[in-house]
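With the sequences and hints as input, model every part of the structure.
Number of protein chains: 2
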Amino acid sequence: MEQLFLYLVPFLGILGLLIMAIKSAWVTKQPTGDEKMVELAGFIAKGAMSFLKAEWKVMGYFVVIAAIILGWSGTLLDNSSPVIAIAFIIGAVLSAFAGYLGMKIATKSNVRTTEAAKTSLAKALNVSFTGGTVMGLGVAGLAVLGMGGLFIIFYNMFVVSTGGDVNGHEMETALEVLAGFSLGAESIALFARVGGGIYTKAADVGADLVGKVEAGIPEDDVRNPATIADNVGDNVGDVAGMGADLFGSYVATILASMVLGREIVSDDNFGGIAPVLLPLVIAGLGLVFSIVGTLFVKIKSENGNVQAALNKGNWLSILLTVAASFFVIDFMLPEGELVMSRLNSASFTKMGVFGAVFIGLIVGALMSIITEYYTAMGKGPVNSIIKQSSTGHATNIIGGLAVGMQSTVLPILVLAAGIFTSYMSAGLYGVAIAAAGMMATTAMQLAIDAFGPIADNAGGIAEMAGLPKEVRERTDILDAVGNTTAASGKGFAIASAALTALALFAAYVGISGITTIDIYKADVLSGLFVGAMIPFIFSALAIAAVGRAAMDMVNEVRRQFKEIPGIMQFETKPDYEKCVEISTKASIREMVAPGAIALISPIVVGFLFGHEVLGGMLAGVTVSGVLMGIFQNNAGGAWDNAKKSFEKGVEIDGQMYYKGSEPHKASVTGDTVGDPFKDTSGPSMNILIKLTSIVSIVIAPFIPLDSPLGLSDNSEAAIDKVAQVIVEEPSTIEVLEID
Amino acid sequence: MEQLFLYLVPFLGILGLLIMAIKSAWVTKQPTGDEKMVELAGFIAKGAMSFLKAEWKVMGYFVVIAAIILGWSGTLLDNSSPVIAIAFIIGAVLSAFAGYLGMKIATKSNVRTTEAAKTSLAKALNVSFTGGTVMGLGVAGLAVLGMGGLFIIFYNMFVVSTGGDVNGHEMETALEVLAGFSLGAESIALFARVGGGIYTKAADVGADLVGKVEAGIPEDDVRNPATIADNVGDNVGDVAGMGADLFGSYVATILASMVLGREIVSDDNFGGIAPVLLPLVIAGLGLVFSIVGTLFVKIKSENGNVQAALNKGNWLSILLTVAASFFVIDFMLPEGELVMSRLNSASFTKMGVFGAVFIGLIVGALMSIITEYYTAMGKGPVNSIIKQSSTGHATNIIGGLAVGMQSTVLPILVLAAGIFTSYMSAGLYGVAIAAAGMMATTAMQLAIDAFGPIADNAGGIAEMAGLPKEVRERTDILDAVGNTTAASGKGFAIASAALTALALFAAYVGISGITTIDIYKADVLSGLFVGAMIPFIFSALAIAAVGRAAMDMVNEVRRQFKEIPGIMQFETKPDYEKCVEISTKASIREMVAPGAIALISPIVVGFLFGHEVLGGMLAGVTVSGVLMGIFQNNAGGAWDNAKKSFEKGVEIDGQMYYKGSEPHKASVTGDTVGDPFKDTSGPSMNILIKLTSIVSIVIAPFIPLDSPLGLSDNSEAAIDKVAQVIVEEPSTIEVLEID
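Chains A and B supply the protein sequences, listed in that same order. Numbered per the numbering used here, the first sequence spans residues 1 to 739. Numbered per the numbering used here, the second sequence spans residues 740 to 1478.
Hints should not be assumed to be uniformly reliable.
[What the hints assert, rightly or not] Think about it this way: if two alpha-carbon atoms lie no more than 27 Å apart in a straight line, the pair counts; the simulated DSS-like pairs of lysine-lysine are:
no.	chain 1	residue 1	chain 2	residue 2
1	A	K665	B	K1383
2	B	K1301	A	K387
3	A	K300	A	K29
4	B	K1404	A	K387
5	A	K665	B	K1398
6	A	K387	B	K1324
7	A	K665	B	K1404
8	A	K212	B	K1126
9	B	K1324	B	K796
10	A	K665	B	K951
11	A	K659	B	K1404
These are calculated hints, taken from the structure and not from any lab test.
Shown next, in the form of structure tokens:
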């Protein structure tokens, strides 16, 4: 049984990739429209690839160096192995490949969606959503194949071949090596999310400030030198960045659940590894049912409700996954009590495990709904910003900041309740499994997420190519839905990152060998403070980076308007490539500092102050990162939609205001402030909190128990010693018990 | 020896109050200027008192209800007593009285400073700083007298009269009852800081938006109906609010040090209570040397350096306090090892305790210096905002937000290092003593803080009364120095609040009887998340409150300009009182919601989830509150000075910009956003983090060990049980050791 299920997982991954290939071929076969459209799409595709290439170059150096360090350190300790370096490289390559696939299909689907929009809305939806599906299946398929395949190898290498204990040290080594895969994936996600976020906003702000404001030409005008870079940015940030982010979360949650599953002594028909295998199987099931769900995303007429079609597909895949999880959990896990003897020693039943899966899905759904409420047009929060725009720029900003801060309340309560209840259901394993359950339908989630930027691009091409009005109207309908899904997608992404980080946090404690993270110890508390500060400096760097990169772009666009004659008369083409190059260079340059903080701070703190202080720091990064992420995402989303509301016209105190009015200008200020919030620093929080946790897991075995500056010694060895003293000299208990 | 030192403390408090009375009489004797000035000052004084009265009414209800609840619950448990209700009332009354004294002297000093400024800068400094000194001595004197006096009573009542143990339960009860005093003080601080913060900004924004922007009349113009409210606001927010805040910190640090001092078994000449008595003695010494320091704050000529004079006095009082602390610690504490057997069981020497005092003073000084750097004119951060103002409102905002976030790094590292080193010096007692050391010269610090708004008011009166230019120039010099001291004062206040909260956090654990706060437990981690979210919702409410209150003010000022003819021609006086009333009502109304959150959330979490989860929540509130406080204070301060820089003229890319230029307008937007940041929600974080901790300390004895929803049982009783099992059945250790 064990072998069957072991091999089932990568098989399901391959199945997903096969269907992806079929859908990809279908998209490629769709008509691409006239020469002008093809040329424009070509510019975008070329720009996107040139960013990927530049990014890969930097990542290449990083991956090689990191792999050498990892491989070398792996040989230092008997509980790890240089194999971890290979896992790391595979994780990085697969993540990069997933980004490549997504980018490739997105830059194919955009122009084909434009062409399809000439015929009907239904067709345009079909093309753009199929493009998104390719992305979703690519990411999930590669993740399931990679994790499933590598686990088979490492399980055989470290456990089966050594006759090792499936609950013991040998399995721990197998999973520790597998963590290398996750580290590789998340490192690439860092570059993709942070670099992509800087890229897209530098191009966007640059294109807007000079094109729209100074030169007075419309958005996506072909005369604007930065317009191609702007459209590339949508792909780089929203497609590749989001894809890498969710790829990383997906892999990390599975990993964390497996690490915690090892702690469960399970008398099952899977050679005792059912709790370790289960997260992989659930991921595989989620992939299959995501495919099923995508089949139901279609509309029949021009008046079809696109949002409803997406919702139908999404909920279908979620419900099918829940149902299937129930049977799988019932089949795989043994009857009776499942006991985690270490790590807060929980005991629970298999229905508790199913409860955790269910909780995870509910948390994910609630987070999406709450995010939508705080950022959607026509709802209270956005309306409050609109009203405050009537008294000027400052009150618009104050309104948006207040909305963003306020919007943290419900998500945090949901998250806290999710942690609490999933823990009650199945201990720390339950927390991780909840995250895994939430991530199970990542393929579907990503299909919905990626469809938005494709539609956005399709509209841009329609505008630049000067197509008839009804084409743009159709793509605008898709784009509007895409904006909503983008907001709820961000809610899902931060929720998944939060649960993933918590699961990783739990796994870290498991691997590090400590048993508590006691913030009543002064050094651990200091770690908590420093950790909580990191998202602030990370955000500051990311925001400032966008400012600098946008300045470069502004100067270049101004230069082209001045130095290249005939652009305004459509006689000369602007130098699009130069703008693409500037965005690319700036984003690569600017992502180094925040990236370095995420990678280096856990290493410094861990080796200087020891496991427990590092644990405190991780908690600080997670808590503060989740809050800053929600705050920035939602403030940015609300500002954006407050501005968009003016385009349709809004009523304030009985008077109507439109585009160009003073309140609208104030709302543009808010939107500009919100851009780096919602597209750069906010989403980067996901990567920050996951990456610091994964780095900690990977370095945990190398951190000595008596760190140079550590005050706390809370290792198992120390506890053993204490226990021994208690047994040998019971008279000393009075002091020890309260130590 | 014990009796001598016990009675020395309240005596020093009385000494401080006596000198305050002498200085106050001196200020009252100073000339008040012409009739017009007296009339204007009268309006301000009347407005300030009408705010105090309105505030007292609300506070009165609150205090009576809270006292009844406290007294009633006190009788339920044998380890507390209805006496706590009396301590609570005394704390509230003294805090309110301190605010009254400060407000009274500030509204006397302002007009007398204006009059003195007719003669010379030296004289104006003398009057305004003496006014500040009265405030400082009043706050510190009342605190030292109150804490010292009540401790004598409770020590005799609960320990001496019962023949109780000075390290035992009896002393714990005495200190627990004393915590009521601190709770009373901090509750009043909540109303003063939050209400005052809303008041001052509602009036300021209202006066500016209609007066300066719409009607085009200068600041502090007598025709502006909101100008009196604006000047009242300076007193309400910066004098009374800051005073109550520091009064609360001062009392709370002393309390926390005493609670932790009880844990030390000390073989001294003070009946074993030297570690408990020490924080009181240090506070008394700090008060005396603050008085000495104030004598050195003077300048000799018109060109004298006011800032240098303040610095001299400040450093002198700090150094004298350090030196005196050395001798007092050496004299009071016994030779050899001091041992805290519980609470992470530290052992240290008396020089370790001195080291902690020293660390506290260094942390305070560094925090002030760092804050000044991030908010001062001419330094990098403010210059970066100035530069980003040249590209519009949005980039100005982005620049300020980035500066604010970035400015958290150094303070957090200083704080973390302070916690770490003071803990290494003297365990958790060291952390509390560091806070006490930092707060020792509160009287001096507050004198410097309060001098600023007095000078600001003096300038306002000079403007409104139409006095000659040189008078305003002199008050402007004082006001500019006041702006700098205000910024560094805020750095000091947040640092003190942070260390106080940490000390209280440590004391809470001591009183609650738990021994760890393990964030590896799911419920404790949930508590950490919820706690960290509270500063976000608190800030959102405070910021939104300012927005609403300012709107009320804007409408009223507009109404007066429209309905009262002749205001603009100086023929009719505007209805100042109506504006004062609006600000008063709005601030009282708006402070209820944030205040309720601070008071109620620890009670709900504590009783539902138990001690350890409440501990997690406290840590969350503290960490996130400190970060949000620093972020908002510094962003606001930097925006303010970026705007002020334009008034003198700034150079951006080789071009000069002045008041009225586009970049200046962008900087005004930033300043307006920054106003509620730096004067309302930012400083309120201090109160929030202290109040949640004090509430927790007070409710700790009432929280049952098995809370309804608690997952963690980490009480001493539980540990006892575990220890017993270990002893009786050593075979079960393998499970227990790692539980």
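Structure-based check of all given hints:
1. Between the alpha carbons of K665/A and K1383/B the distance comes to roughly 25 Å, so the proposed pair stays at or under 27 Å and holds.
2. The straight-line distance between the Cα atoms of K1301/B and K387/A is roughly 23 Å, inside the 27 Å bound, and the hint therefore holds.
3. Between K300/A and K29/A the CA atoms are separated by roughly 22 Å; this keeps the pair inside 27 Å, and the hint holds.
4. For the proposed pair K1404/B and K387/A, the alpha carbon gap of about 21 Å is at most 27 Å, so the pair holds.
5. Distance hint between K665/A and K1398/B is fulfilled; the C-alpha atoms sit about 22 Å from each other, no more than 27 Å.
6. Taken as a hint, the K387/A and K1324/B pair is honoured in the structure, with Cα atoms around 23 Å apart against an allowance of 27 Å.
7. For a cut-off of 27 Å, the pair hint linking K665/A to K1404/B stands: about 14 Å separates their Cα positions.
8. With a C-alpha separation of about 22 Å, the suggested pairing of K212/A with K1126/B holds against the 27 Å cut-off.
9. Restraint check: the Cα-Cα separation between K1324/B and K796/B comes to about 12 Å, which is no more than 27 Å; the hinted pair holds.
10. For the hint linking K665/A to K951/B, the alpha-carbon distance of about 21 Å falls within 27 Å, and the restraint holds.
11. Note on K659/A and K1404/B: the hinted pairing holds, with a Cα-Cα distance of about 22 Å set against a maximum of 27 Å.
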